[in-house]
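S.K.: Residues per chain are reported as follows:
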Amino acid sequence: MLRSATTWLLVGQRLGIAAITLVIVSFAVFFATELLPGDVAEILLGQSATPEAVAGLRTAMGLDEPAFTRFLSWLAGLAQGDLGMSYANNMAVADLLAGRLANTLRLAGIVTLVCVPLALTLGIAAAMWRGSLLDRAVSMLTISVISVPEFMVATLAVLIFAVWLDWLPALSYGVNVDSLGAMLRAYAMPVITLTFVVSAQMIRMTRAAVIETINTPYVEMALLKGASRRRMVLRHALPNALGPIANAVALSLSYLVGGVIIVETVFNYPGVAKLMVDAVATRDLPLIQSCAMIFCISYLLLITLADVIAMLSNPRLRR
Amino acid sequence: MSEPLVCVRDLRIGAVTDAKRKVEIIRGVSFDIAPGEIVALIGESGSGKTTIALSLMGHARTGCAIQGGTIRVGRHDVTGMTEGQRAALRGTEVSYVPQSAAAAFNPSQRIMDQVVEVTAIHRLMPRAKAEAKARELFRALALPDPDRIGNRYPHQVSGGQLQRLSAAMALIGDPQLVIFDEPTTALDVTTQIEVLRAFRSVMAKGGMAGVYVSHDLAVVAQIADRIIVLRGGEVQEEGTTEQILNAPAHPYTRQLLDAFEPVPHVSATPAERARPILRVDDLCAGYGVIRDGKPAAKVLQNVSLQLERGRNLGVIGESGSGKSTLARAIAGILPCYRGDMLLDGEVLNPDLRQRSKDQLRRVQIVFQLADTALNPAQSVGAILGRPLTFYHGLKGAARDARVAELLEMVHLPTALRHRLPSELSGGQKQRVNLARALAAEPELILCDEITSALDTVVAAAILDLLKELQRELGLSYMFISHDLSTVEAICDEVLVMLKGRVVEALPAARMSADATHPYSRLLISSIPKLDTGWLKGLEQDPELVAQFANR
Amino acid sequence: MSLPLRIPTPARLGYSFNWAGRIGLAVILFWVVIALIGPWITPYAPGDMVDWNYFGPVNGQFWMGTDYLGRDILSRVIMGARYTVGIAAAAVVLACAGGVILGMIAGVTGGWFDMLLSRLLDAFNGIPSLLFGLVVVAAVGSSIPVLILTLAVIYLPGSYRFARALAVNVNTMDFVTVARARGEGFGHIILREVFPNILGPVLADLGLRFVFIVLVLSGLSFLGLGVQPPNADWGGLVRENIEGLSLGAPAVIFPSVAIASLTISVNMFIDNLPTRIRDRSE
Numbered sequence: 005m006l007r008s009a010t011t012w013l014l015v016g017q018r019l020g021i022a023a024i025t026l027v028i029v030s031f032a033v034f035f036a037t038e039l040l041p042g043d044v045a046e047i048l049l050g051q052s053a054t055p056e057a058v059a060g061l062r063t064a065m066g067l068d069e070p071a072f073t074r075f076l077s078w079l080a081g082l083a084q085g086d087l088g089m090s091y092a093n094n095m096a097v098a099d100l101l102a103g104r105l106a107n108t109l110r111l112a113g114i115v116t117l118v119c120v121p122l123a124l125t126l127g128i129a130a131a132m133w134r135g136s137l138l139d140r141a142v143s144m145l146t147i148s149v150i151s152v153p154e155f156m157v158a159t160l161a162v163l164i165f166a167v168w169l170d171w172l173p174a175l176s177y178g179v180n181v182d183s184l185g186a187m188l189r190a191y192a193m194p195v196i197t198l199t200f201v202v203s204a205q206m207i208r209m210t211r212a213a214v215i216e217t218i219n220t221p222y223v224e225m226a227l228l229k230g231a232s233r234r235r236m237v238l239r240h241a242l243p244n245a246l247g248p249i250a251n252a253v254a255l256s257l258s259y260l261v262g263g264v265i266i267v268e269t270v271f272n273y274p275g276v277a278k279l280m281v282d283a284v285a286t287r288d289l290p291l292i293q294s295c296a297m298i299f300c301i302s303y304l305l306l307i308t309l310a311d312v313i314a315m316l317s318n319p320r321l322r323r
Numbered sequence: 010m011s012e013p014l015v016c017v018r019d020l021r022i023g024a025v026t027d028a029k030r031k032v033e034i035i036r037g038v039s040f041d042i043a044p045g046e047i048v049a050l051i052g053e054s055g056s057g058k059t060t061i062a063l064s065l066m067g068h069a070r071t072g073c074a075i076q077g078g079t080i081r082v083g084r085h086d087v088t089g090m091t092e093g094q095r096a097a098l099r100g101t102e103v104s105y106v107p108q109s110a111a112a113a114f115n116p117s118q119r120i121m122d123q124v125v126e127v128t129a130i131h132r133l134m135p136r137a138k139a140e141a142k143a144r145e146l147f148r149a150l151a152l153p154d155p156d157r158i159g160n161r162y163p164h165q166v167s168g169g170q171l172q173r174l175s176a177a178m179a180l181i182g183d184p185q186l187v188i189f190d191e192p193t194t195a196l197d198v199t200t201q202i203e204v205l206r207a208f209r210s211v212m213a214k215g216g217m218a219g220v221y222v223s224h225d226l227a228v229v230a231q232i233a234d235r236i237i238v239l240r241g242g243e244v245q246e247e248g249t250t251e252q253i254l255n256a257p258a259h260p261y262t263r264q265l266l267d268a269f270e271p272v273p274h275v276s277a278t279p280a281e282r283a284r285p286i287l288r289v290d291d292l293c294a295g296y297g298v299i300r301d302g303k304p305a306a307k308v309l310q311n312v313s314l315q316l317e318r319g320r321n322l323g324v325i326g327e328s329g330s331g332k333s334t335l336a337r338a339i340a341g342i343l344p345c346y347r348g349d350m351l352l353d354g355e356v357l358n359p360d361l362r363q364r365s366k367d368q369l370r371r372v373q374i375v376f377q378l379a380d381t382a383l384n385p386a387q388s389v390g391a392i393l394g395r396p397l398t399f400y401h402g403l404k405g406a407a408r409d410a411r412v413a414e415l416l417e418m419v420h421l422p423t424a425l426r427h428r429l430p431s432e433l434s435g436g437q438k439q440r441v442n443l444a445r446a447l448a449a450e451p452e453l454i455l456c457d458e459i460t461s462a463l464d465t466v467v468a469a470a471i472l473d474l475l476k477e478l479q480r481e482l483g484l485s486y487m488f489i490s491h492d493l494s495t496v497e498a499i500c501d502e503v504l505v506m507l508k509g510r511v512v513e514a515l516p517a518a519r520m521s522a523d524a525t526h527p528y529s530r531l532l533i534s535s536i537p538k539l540d541t542g543w544l545k546g547l548e549q550d551p552e553l554v555a556q557f558a559n560r
Numbered sequence: 599m600s601l602p603l604r605i606p607t608p609a610r611l612g613y614s615f616n617w618a619g620r621i622g623l624a625v626i627l628f629w630v631v632i633a634l635i636g637p638w639i640t641p642y643a644p645g646d647m648v649d650w651n652y653f654g655p656v657n658g659q660f661w662m663g664t665d666y667l668g669r670d671i672l673s674r675v676i677m678g679a680r681y682t683v684g685i686a687a688a689a690v691v692l693a694c695a696g697g698v699i700l701g702m703i704a705g706v707t708g709g710w711f712d713m714l715l716s717r718l719l720d721a722f723n724g725i726p727s728l729l730f731g732l733v734v735v736a737a738v739g740s741s742i743p744v745l746i747l748t749l750a751v752i753y754l755p756g757s758y759r760f761a762r763a764l765a766v767n768v769n770t771m772d773f774v775t776v777a778r779a780r781g782e783g784f785g786h787i788i789l790r791e792v793f794p795n796i797l798g799p800v801l802a803d804l805g806l807r808f809v810f811i812v813l814v815l816s817g818l819s820f821l822g823l824g825v826q827p828p829n830a831d832w833g834g835l836v837r838e839n840i841e842g843l844s845l846g847a848p849a850v851i852f853p854s855v856a857i858a859s860l861t862i863s864v865n866m867f868i869d870n871l872p873t874r875i876r877d878r879s880e
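Residue numbers (our numbering), protein chains in the order written: chain A, 5 to 323; chain B, 10 to 560; chain C, 599 to 880.
Some hints could be false.
[Claimed, not checked] Mimicking SDA-like on lysine to any residue, the simulated pairs with C-alpha atoms at most 20 Å apart in a straight line are:
id, chain 1, residue 1, chain 2, residue 2
1, B, 303, B, 348
2, B, 142, B, 30
3, B, 366, C, 775
4, B, 366, C, 787
5, B, 366, C, 781
6, B, 404, C, 777
7, B, 508, B, 522
[What the hints assert, rightly or not] Partial selection, computed: residues in chain A whose CB lies under 10 Å from chain B:
id, residue
8, 74
9, 104
10, 219
11, 225
12, 228
13, 231
14, 317
15, 318
For the record, the hints were derived by calculation from the structure and aren't laboratory data.
All values derive from a computational prediction rather than experimental measurement.
Every residue gets a Cβ at the ideal spot worked out from N, C-alpha and C, and that includes glycine.
Please put together the full structure from these sequences, using the hints given.
M.R.: Written out as structure tokens, the structure is:
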């Protein structure tokens with residue numbers, strides 16, 4: 005479809021805002037980790053270190069320079085893919101991350117593929133037959149899931165599928181992934197847990213978005229033309245709910261970020277989140293910074309994408 | 010009369026309120042409609058006119074349900090049908106023209122898709138034939154560019170055109186009965202005429218029966234054969250249009266008609282030679298980013314006016330003419346960027362923050378919607394008490410006594426001061442709204458469409474109150490309205506505004522006779538009259554219409 | 599006689615709560631009371647090892663069994679309520695108070711102040727909440743004031759955004775214009791005209807935000823980054839005792855149930871508020 009120049013202008017503006025946000029976020033991440041902890045060199049060398057050793061390390065790490073200079077060089081490094089060295093095991097952060105990132109992306113990708121169709125179907129169906137048995141059951145289930153912490157969903161999943169039913173292994177790694185079946189089984193627990201967490205949000209938001217459009221005069225008009233309920237929802241409500249639904253999907257997928265931290269820990273899944281939680285335990289700041297930036301960037305990408313889709317689906321901006 | 014097309018007997022419709030209380034909103038209504046006859050349902054807000062009209066399609070809005078009685082349309086018993094059977098009826102036997110076509114068109118579909126949708130839903134004819142028929146209807150409804158207008162999206166055509174397109178949408182399925190739900194209420198008067206004409210001609214050509222829901226007797230007089238007067242969900246009177254207009258039997262009908270009759274205004278005081286209370290010279294105001302001392306959107310341009318003490322100035326114009334902006338600029342809410350304002354000879358700063366407390370007190374503004382003009386979290390007493398404390402430093406018992414006085418002045422019981430605005434009726438709210446302005450003891454009150462949202466009878470009472478207060482307190486009003494009869498009833502002079510400029514100043518009593526500017530003439534001639542032959546006899550210069558009316 | 603400022607309460611407008619709302623409210627009040635009187639009703643000192651048998655079963659002596667060190671679970675759950683409810687309540691009050699005050703000022707003033715603040719706080723909203731918690735705890739270590747402040751900072755931007763949207767809405771209403779035309783100052787407009795009209799939705803929003811905070815707090819504690827041993831909030835209790843699951847010990851169930859009962863109750867209560875109060879104009 006053709007878009008007018010104003011639409012592209014708005015989209016450009018949105019992307020600009022995202023870029024500015026990214027700078028502010030990286031600023032926050034950097035200073036939260038760099039300024040607050042007192043002295044990194046002291047932490048690294050332990051309490052028994054001599055003041056001379058600490059001072060030497062400080063100079064070596066460039067900690068004597070002003071914070072803002074360090075922020076700029078850190079930012080420049082990030083832009084070139086140089087994520088710094090890990091304190092804990094003296095490896096390049098980029099190398100540590102490489103394999104882990106692929107694992108996390110694979111997990112997130114599978115969850116997205118399962119979640120989006122499932123949640124959209126259930127959300128739209130619940131809105132279409134509002135007040136029906138299906139709607140009430142879905143509402144009860146989703147409100148329960150969003151009301152409990154992710155680790156409880158994970159624990160319950162383990163209890164049901166691994167302990168009682170004994171279908172699936174409780175941990176995803178450590179088992180042999182030599183056949184397709186084994187691989188499916190290995191991923192099943194984290195995927196099931198995340199799917200519950202993410203799709204509960206998505207279903208609720210999709211349902212709300214569709215119901216809001218169903219309550220508009222033009223959908224009532226369709227009813228008064230003799231349209232069936234299916235036609236009212238699919239032909240008249242849905243196309244106009246596209247923007248809000250895109251928003252709902254993106255916002256819910258961003259729950260992946262929080263969910264993945266818990267799920268990777270519970271199931272001992274070797275992804276970025278697990279790496280980050282471990283890094284927090286060892287106070288490995290460069291690693292924490294990089295992980296945090298990865299999550300912030302993906303979160304920002306999702307939100308921006310949703311906003312852009314919402315803009316493009318606005319019929320008033322059509323030429 | 011032959012066998013009636015529609016037969017409604019003892020219709021009862023119930024609703025559930027927010028507090029889960031059950032109320033009956035339609036209480037045993039019965040009427041018939043003959044084939045080809047147009048029947049008007051007249052009533053004020055809350056009379057149940059739209060609810061009855063929708064029930065003819067077997068539809069009840071959320072929270073409402075048909076609880077008793079029978080509705081027969083043609084051979085169909087609507088009340089006894091399943092939802093599926095009702096759907097089959099809608100669009101083919103009975104169709105609907107909504108109040109706001111702008112809201113009733115799906116913004117994401119082309120107009121043609123929506124107009125021919127009825128034929129697709131009910132499988133009446135192939136798409137190409139349906140589109141040809143739609144174009145024919147567009148032509149019959151006098152729409153511009155009938156061959157291509159269907160390719161546009163709803164937001165790309167004007168309000169008056171959308172309203173006619175929604176009629177095409179209703180007529181495509183060749184229904185026997187068309188329901189018009191206040192279809193011209195949201196339109197400007199000059200636009201309304203064209204739409205009414207179009208409706209009349211297609212209904213007459215097609216020989217269809219119609220139900221016309223409206224609160225406006227003058228509009229209904231142009232199109233209906235018979236009128237049913239409703240109040241509180243009950244039929245008050247039923248009769249032919251001529252009989253209702255000329256020989257009303259029911260007192261309520263007479264009240265409605267009386268409220269409609271303009272009461273010529275007799276000036277309270279003769280024009281004084283002394284200083285005018287308000288003098289405005291060359292006023293320019295607008296919204297948006299200010300560049301080179303001028304805002305991006307210039308709304309008011311070079312407006313000058315003068316209001317003598319004790320007299321009233323009316324400002325009329327259609328939506329977008331800048332009449333409300335004028336009130337805001339004078340009140341200092343929207344500071345003007347050029348021009349001078351003199352209050353009783355004293356210079357008024359454009360920005361209200363630079364004005365003295367006494368200047369602020371002397372000019373008060375009253376807004377159209379009492380619903381949003383009164384703070385919903387404050388009691389009536391607190392709303393009226395605040396300006397007393399603010400301007401006059403009144404506290405405690407003195408303030409309470411003055412609040413009681415103010416309530417009496419606007420004819421409200423003093424016990425009302427403990428109520429919240431949400432517990433008052435529309436007319437009561439507007440009285441409190443007025444009393445708050447009076448609390449300041451002003452000399453000039455700017456009234457921005459203060460009767461427009463009210464039912465006719467209530468509005469007439471408010472006008473009477475305004476006149477009475479003027480006699481007692483020597484006030485001056487600047488009265489902004491799109492309704493000429495209201496302005497005629499209260500003003501001495503009238504300014505006609507068009508696109509931010511004053512085109513003409515006229516004495517209120519001789520508006521139609523004295524108007525010379527073509528736009529004023531067009532506007533004044535477009536006001537419907539309580540006369541069944543008015544629309545038929547109305548002749549307007551098409552060039553004038555093309556020039557000024559935003560159809 | 600004075601002219602009281604009267605806020606429309608549910609009862610005065612003729613609303614009543616349905617059974618789900620009432621149950622929700624009852625459970626919320628129950629946990630609040632437990633949190634308040636906790637130290638006086640614990641059957642054992644929550645830190646004492648009272649049973650030689652770790653992961654002990656439910657019995658007459660230990661109503662909820664014992665944990666991995668043989669401590670009484672009932673006592674620890676009661677004390678956990680203090681941490682979970684207390685920290686979350688303090689954080690949510692801070693977040694909402696800050697958010698609402700800034701939101702009203704921005705919404706009513708508009709202009710560059712509004713623009714700047716909105717952009718900045720939107721950017722903060724761009725950081726996932728659990729992640730932000732992780733980073734801060736990694737940097738400064740975990741203590742109760744740090745937790746409260748961190749959680750408040752995480753949820754302040756959302757509260758700001760919500761309150762600002764409401765305030766912008768109210769600000770365009772004619773009664774505010776009338777007050778302004780009367781010559782009223784900024785303080786009067788914010789406190790008397792705007793605030794009473796956004797209070798209902800703001801309180802409902804506070805409830806929902808409380809749930810989020812409880813969840814993030816529990817998540818942090820579950821990762822071992824929340825309340826530090828030997829003390830434990832409910833999330834911490836789950837972490838301590840989750841290994842008991844494979845032994846069939848009941849220890850982990852009770853703190854889990856406590857979290858779920860609190861959060862589900864708040865959601866139930868908010869969901870069943872009368873629409874006019876809950877009405878979100880965002």
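S.K.: Compare the structure with each hint and give your call.
M.R.: Now for the hints, and whether the structure bears them out:
Under the criterion of a C-alpha separation no larger than 20 Å, the hint pairing residue 303 (chain B) with residue 348 (chain B) is consistent with the structure, at around 12 Å. For the hint linking residue 142 (chain B) to residue 30 (chain B), the alpha-carbon distance of about 48 Å lies beyond 20 Å, and the restraint is violated. Of the pairs offered as hints, the one joining residue 366 (chain B) and residue 775 (chain C) holds, with about 16 Å between alpha carbons and a cut-off of 20 Å not exceeded. For the hint linking residue 366 (chain B) to residue 787 (chain C), the alpha-carbon distance of about 17 Å falls within 20 Å, and the restraint holds.
This hinted pair checks out: residue 366 (chain B) and residue 781 (chain C) have alpha carbons roughly 7 Å apart, not beyond 20 Å. Under the criterion of a C-alpha separation no larger than 20 Å, the hint pairing residue 404 (chain B) with residue 777 (chain C) is consistent with the structure, at around 19 Å. Note on residue 508 (chain B) and residue 522 (chain B): the hinted pairing is violated, with a Cα-Cα distance of about 23 Å set against a maximum of 20 Å. Annotation: residue 74 (chain A) was flagged as interfacial toward chain B, and the flag is violated, the nearest CB pair being 40 Å apart, outside 10 Å.
This hint is violated: residue 104 (chain A) has a C-beta 43 Å from the nearest C-beta of chain B, more than the 10 Å allowed. Given the 10 Å rule on beta carbons, the hint for residue 219 (chain A) holds: about 8 Å separates it from the nearest Cβ of chain B. This hint holds: residue 225 (chain A) has a C-beta 4 Å from the nearest C-beta of chain B, less than the 10 Å allowed. The interface hint given for residue 228 (chain A) holds, since its Cβ lies 4 Å from the closest Cβ of chain B, which is under the 10 Å cut-off.
Checking residue 231 (chain A) against chain B: minimum C-beta separation of about 5 Å stays under 10 Å; hint holds. Satisfaction of the interface hint for residue 317 (chain A) is found here, the shortest Cβ-Cβ separation to chain B being roughly 8 Å, below the 10 Å cut-off. With a cut of 10 Å, the hint placing residue 318 (chain A) at the interface with chain B holds, because the nearest CB-to-CB distance is about 9 Å.
When the structure is compared with the earlier hints, violations turn up for hints 2, 7, 8, 9 and for no others.
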